[in-house]
Amino acid sequence: MELAQMRMVKAVAETGSIALAAQRLHCVPSNITTRIKQLEGELGTELFVRAGRGLSISPAGQIFLEYCSRILDLVDEARRAVDANTRPSGTLRIGAIESCATVHLPALLAEYHRTYPEVSLELITGTWTQLMEDVRQRRLDGALVAAEIHHPKIATTALYRENLVLISAADSPPIHNAHDLLGRTLIMWPNGCPYRAALKNWVQEHDRHPPIASYGSWGTIIGSVNAGAGVSLVPEGILRRFEQSTGLATYRFEELTPVQNSFIWHRETTRHPAREAFAKLLQERLELPSQ
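Residue numbers (the UniProt record's numbering): 1 to 291.
Think of the hints as simulated: they come from the structure by calculation, not from any bench.
Just so it is clear, CB atoms sit at the ideal spot from N, CA and C, and this is done for glycine as well.
Any given hint could be a false lead.
To be verified - The calculated DSS-like cross-link candidates involving lysine-lysine, where the alpha carbons are at most 30 Å apart (straight line), are:
id : residue 1 : residue 2
1  : K10       : K153
2  : K280      : K153
3  : K37       : K10
As the list claims (entries may be wrong) - Taking CB as the label site, the calculated pair distances span:
id : residue 1 : residue 2 : range
4  : I63       : T91       : 41 to 51 Å
5  : T270      : A249      : 48 to 58 Å
6  : T250      : I71       : 49 to 59 Å
Start from the sequences and build out the full structure, keeping to the hints where you can.
In structure tokens, the structure reads:
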């Protein structure tokens, strides 16, 4: 079993194709086919199964892939650890919740790319639970989440706290307290969103089963509220981001407390210059008072 074979398994699993994996690894497809077959013979199990014109990883292959990812990450970490003068380079995989990616990251990402052009930064968005699991499984090098994480494998640094604003259509009845939301549709992100949980918990004091519409887009959520479809709870930065918010009624309540946003990474990844540089920039630019 060799590192080159592990890289091949990882590339085929991620691309779903030996031809695409060969392009990524700069080798011929027949070499990958031969090396993976040799590895399957050594392991005594199939790592991939045919899926249409491509390949799909087998259950045994999925287990093996997790070990490959961990081993390859450790190899990269070992190289970085013995070179104290390593300048940030290579691939940096960062995740972020949608509100942070939309409001706070664009200018910061531009600054990072200018400062560290040798780093190829990949950004994905998702719910904080998905992002935490991706960090735990080392699929991401770090993530920005709107939650306080307590997990033995996850390290965290607090960044900023963001105020939450309740919004409704300007011509809808005014909202004085949670009781005024009785029967109104809550328009929020799907399960896993901290803002959804905060609004749902507040409303459930008066309505145990509030109607909820789940949309995976802040633009759709704010547009739907503006059209009179319901109410929503949004980070203040998102509210400022969308021009149509000028036609909304906005409300702030002490019970809807600001949400802590944090940067997380795997505690066992001790040295990662690209991630460390990114985290330092986050702390310099986003360790701010509530906004």
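Against the structure, the hints come out as follows:
1. K10 with K153: holds, 23 Å
2. K280 with K153: holds, 21 Å
3. K37 with K10: Since the Cα atoms of K37 and K10 sit roughly 14 Å apart, the hinted pair holds (cutoff 30 Å).
4. I63 with T91: 41 to 51 Å: Roughly 24 Å apart at Cβ, these two residues miss the hinted range, so it is violated.
5. T270 with A249: 48 to 58 Å: holds, 50 Å
6. T250 with I71: 49 to 59 Å: 51 Å Cβ-Cβ, so the 49 to 59 Å window holds.
Checked against the numbered hints given earlier, this structure breaks only hint 4.
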